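With chain A fixed as given, assemble chain B onto it according to the hints.
Protein chains: 2
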Amino acid sequence: MSQQTGKLTTASPGVAEMMDELGRRAREAASELALCPGSQRNHALQAAADSIRDSADAILDANRADMEAAEKRELSTPLLDRLALNAERLESMATGLETVSELPDPVGRVLAEWDRPNGLHIQRVAVPLGVIGIIYESRPNVTADAAGLCTKSGNAAILRGGSESFHSNQAIFRSLAEGLASAGMPRAAIQMVPTTDRAAVGYLLSSMGDTIDVLVPRGGKSLIERVQAEARVPVIGHLEGICHVFLHESADQNMAREIVLNAKMRRTGICGAAETLLVDRKAASRLIPGVVDALVDAGCEVRGDEAVREIVSEAKPADEQDWHTEYLDAVISVRIIDGVEGAIEHIRLYGSGHTESIVAEDEVAARKFLTEVDSAIVMHNVSTQFADGAEFGMGAEIGIATGRIHARGPVGAEQLTSYKYVVRGNGQVRP
Amino acid sequence: MSQQTGKLTTASPGVAEMMDELGRRAREAASELALCPGSQRNHALQAAADSIRDSADAILDANRADMEAAEKRELSTPLLDRLALNAERLESMATGLETVSELPDPVGRVLAEWDRPNGLHIQRVAVPLGVIGIIYESRPNVTADAAGLCTKSGNAAILRGGSESFHSNQAIFRSLAEGLASAGMPRAAIQMVPTTDRAAVGYLLSSMGDTIDVLVPRGGKSLIERVQAEARVPVIGHLEGICHVFLHESADQNMAREIVLNAKMRRTGICGAAETLLVDRKAASRLIPGVVDALVDAGCEVRGDEAVREIVSEAKPADEQDWHTEYLDAVISVRIIDGVEGAIEHIRLYGSGHTESIVAEDEVAARKFLTEVDSAIVMHNVSTQFADGAEFGMGAEIGIATGRIHARGPVGAEQLTSYKYVVRGNGQVRP
Chain A
89 MSQQTGKLTT
99 ASPGVAEMMD
109 ELGRRAREAA
119 SELALCPGSQ
129 RNHALQAAAD
139 SIRDSADAIL
149 DANRADMEAA
159 EKRELSTPLL
169 DRLALNAERL
179 ESMATGLETV
189 SELPDPVGRV
199 LAEWDRPNGL
209 HIQRVAVPLG
219 VIGIIYESRP
229 NVTADAAGLC
239 TKSGNAAILR
249 GGSESFHSNQ
259 AIFRSLAEGL
269 ASAGMPRAAI
279 QMVPTTDRAA
289 VGYLLSSMGD
299 TIDVLVPRGG
309 KSLIERVQAE
319 ARVPVIGHLE
329 GICHVFLHES
339 ADQNMAREIV
349 LNAKMRRTGI
359 CGAAETLLVD
369 RKAASRLIPG
379 VVDALVDAGC
389 EVRGDEAVRE
399 IVSEAKPADE
409 QDWHTEYLDA
419 VISVRIIDGV
429 EGAIEHIRLY
439 GSGHTESIVA
449 EDEVAARKFL
459 TEVDSAIVMH
469 NVSTQFADGA
479 EFGMGAEIGI
489 ATGRIHARGP
499 VGAEQLTSYK
509 YVVRGNGQVR
519 P
Chain B
89 MSQQTGKLTT
99 ASPGVAEMMD
109 ELGRRAREAA
119 SELALCPGSQ
129 RNHALQAAAD
139 SIRDSADAIL
149 DANRADMEAA
159 EKRELSTPLL
169 DRLALNAERL
179 ESMATGLETV
189 SELPDPVGRV
199 LAEWDRPNGL
209 HIQRVAVPLG
219 VIGIIYESRP
229 NVTADAAGLC
239 TKSGNAAILR
249 GGSESFHSNQ
259 AIFRSLAEGL
269 ASAGMPRAAI
279 QMVPTTDRAA
289 VGYLLSSMGD
299 TIDVLVPRGG
309 KSLIERVQAE
319 ARVPVIGHLE
329 GICHVFLHES
339 ADQNMAREIV
349 LNAKMRRTGI
359 CGAAETLLVD
369 RKAASRLIPG
379 VVDALVDAGC
389 EVRGDEAVRE
399 IVSEAKPADE
409 QDWHTEYLDA
419 VISVRIIDGV
429 EGAIEHIRLY
439 GSGHTESIVA
449 EDEVAARKFL
459 TEVDSAIVMH
469 NVSTQFADGA
479 EFGMGAEIGI
489 ATGRIHARGP
499 VGAEQLTSYK
509 YVVRGNGQVR
519 P
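Which chain is which? The protein sequence lines are A and B, in order. The first sequence stops at residue 519 when you use the working numbering, and every number in between is there. The second sequence stops at residue 519 when you use the working numbering, and every number in between is there.
Just so you know, these hints were derived from the structure itself, not from any lab. Everything numeric in this text was worked out from a predicted model, so none of it was measured. Don't take every hint at face value.
Identical chains blur together in the list; that is why a pair holds if it fits in one copy or across any two.
[Stated by the list, open to error] EDC-like mimics (lysine to aspartate or glutamate), calculated; alpha carbons at most 20 Å apart, straight line:
#	residue 1	residue 2
1	K456	E116
2	K456	E120
3	K160	E402
4	K309	D298
5	K309	E328
6	K404	E389
Isolated chain A (complex conformation):
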């Protein structure tokens, strides 16, 4: 591809050579993995889980180095929370790998099967995607989740974690690689870019179309903007999570309070955290005081439009920018709108297509919301924090895709497959 020449100049020759070599090795591993039976892939996942447990000390040491550097750089509390590892989080990484190993094999599934009048028998059969590039930030458990899901689905992976979690990621990666290799997986099945040089990200995005089948970026706004500007490789996109909770006129007061509180405050740094609360005008005075009190008591800053501030004086003013903001922090914007139509319209204008939930006893209103809101995940009487692959029963996820092609919503092992058609006949020629 002609654009590669231009892009190469932005990466130092060393980075380009290193990345090409990672790509070449991944491609080879992918051919081998495509024919690797599910039982062996599952066994490798169990070995990787054991290896993570055996390497706990080394991984926590490496994480300590990352945390110290991050504290010096005065990273925000939610970012520090994302970066931190402890025994419990390590165990949940290992359990995650085991859970994934127990899922049904996504490869080889017959997705559809039919006969044609001329006797042709056609099957659509799931196959691995091939080589998956994953670019992610801060949270080191993504290293294990991504490696686990790629192994489960028979794909080779090239991982590129954030610089702030570099040591943690390398330690987790070394441990995983050890485990996978002990179970006979190709050495290059999972590889990690061994540098924090940002040129490596540029090279992944722009110059590896021949070796990478799809890129999964997972990170903040600056990463996403870079992907949008530079990617020459297919991307399963994860954009912002500007998630909404809408309290319909018919909402139960207690349920409304509990869902909003949980959707916003259970963990504020995840993409499924609610950022904006929409309240039906007809129930505003009934619902808002209790909900806002609960939020404020939990330490949340509440920003409201004028109508909201007439009801609860403790709310700070919200401006246009607030409706566009993914706070990822203990802040929520609150707006009063008119009915389901108003909620749908607000979400159409300001939503990021991630997850939105309606709280309503009225089934007709709920059905309208679920049908007409065009987001990856739409919910009825559920906290948006359930927007998560593990909570969906997929074992783990690489991210929540907000794009519309290939995969939408949580990206688990099944979403990391492609398919092919197998056509059987007995000498048919086309008239």
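Below, chain B without anything else, positioned relative to chain A:
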């Protein structure tokens, strides 16, 4: 997105404004279409078919203008064949629209459904992709097929046909638009770029990421190279069709001859036409003479490697470039290789991931080929010319995708859908 500013300079301001307006209108139409019931979409397809029949004279007049211009420009015979319309091809366009209208509704299908231990009920439901951009060359029936499939799947479409079929496409488009509108579809459901200015293609590729959800390019090498170099929008890729037929040692002699003859010569200008014949060394002297005689009798030029030319002296020499070539003409390259392994290896090196067929009585060999050849379509004892959406029972196709993400193989109405998750609960919050 920052790259838009740079790209805008390559399109004249008029083109950019025109394309933005098409995009804006398509986006609006897509929201409306997403809620349009299947019965109305099917009714619209029938109306479009009637309209095509009613406009036959006008369409054939327009096609005559294109054909005259093409003959003056001395286009090759296969290209002229692709461009030509007649009463029969028009009728098959209309029938295609009717067939598509009779297919099951791809929108609203519940693709999966399950309950979680905490009582959440999760559904994965098919929804339209949104706005689809389709860039295609020469063959004017793509206008009807693309419009039909996009209508069926509830998508808005922006069509951009090749300059050589400009008049034919415009006439078909006007007729379709009339029919669709008469059935109450939004006027902007299907739009066509009303200019042959190549800047419009550049703008579609690079600057419409906000309004186009996916681009489907369908055309020759130069279009594909341009798409690879310039696209900033997700692409469902259609590359070359370097299709292979492999005659295994166990192949039946008559079946081998009939399949090769049909795969190569039934129609040479389609992407499912065979370009290279691989013959198992153990059966070369038994199979090659009869197959080559039949090809030569049918007017096909045969190019063979040295081993082939020792068996049949009428074969011209094939060189390395032949294995890489999609002739789209009455030419075939023939190579002798060693067994299934040799065939798999040749296809891995030279194939384009489109369609490959093994002719074999030996089931074990066939299974190995079907499993290990990594192409969108793999066949056993079938002519590669069946690589076609209509032949697969999909009613019609926009093309055969050779990429691995979203859709692979024939792209029909079902492949033009995305999905969303609908999650129902009764107040669940995440612990």
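Hints, one by one, checked against the model:
Taking the shortest Cα distances, K456 and E116 sit within 20 Å of each other only across copies (19 Å), while inside one copy they are farther apart (49 Å). In this assembly of identical chains, K456 and E120 lie within 20 Å of each other by CA distance solely across copies; the values are 14 Å between and 48 Å within a copy. In this assembly of identical chains, K160 and E402 lie within 20 Å of each other by CA distance neither inside one copy nor across copies; the values are 35 Å within and 78 Å between. Proximity of K309 and D298 under a CA criterion of 20 Å is satisfied inter-copy only: 16 Å between copies versus 27 Å inside one chain copy.
In this assembly of identical chains, the alpha carbons of K309 and E328 lie at most 20 Å apart only when taken from the same copy (7 Å versus 36 Å across copies). Taking CA atoms no more than 20 Å apart as the test, K404 paired with E389 passes inside one copy only; the shortest distance there is 8 Å, against 79 Å between copies.
Against the hints set out earlier in the document, a violation occurs for number 3 only.
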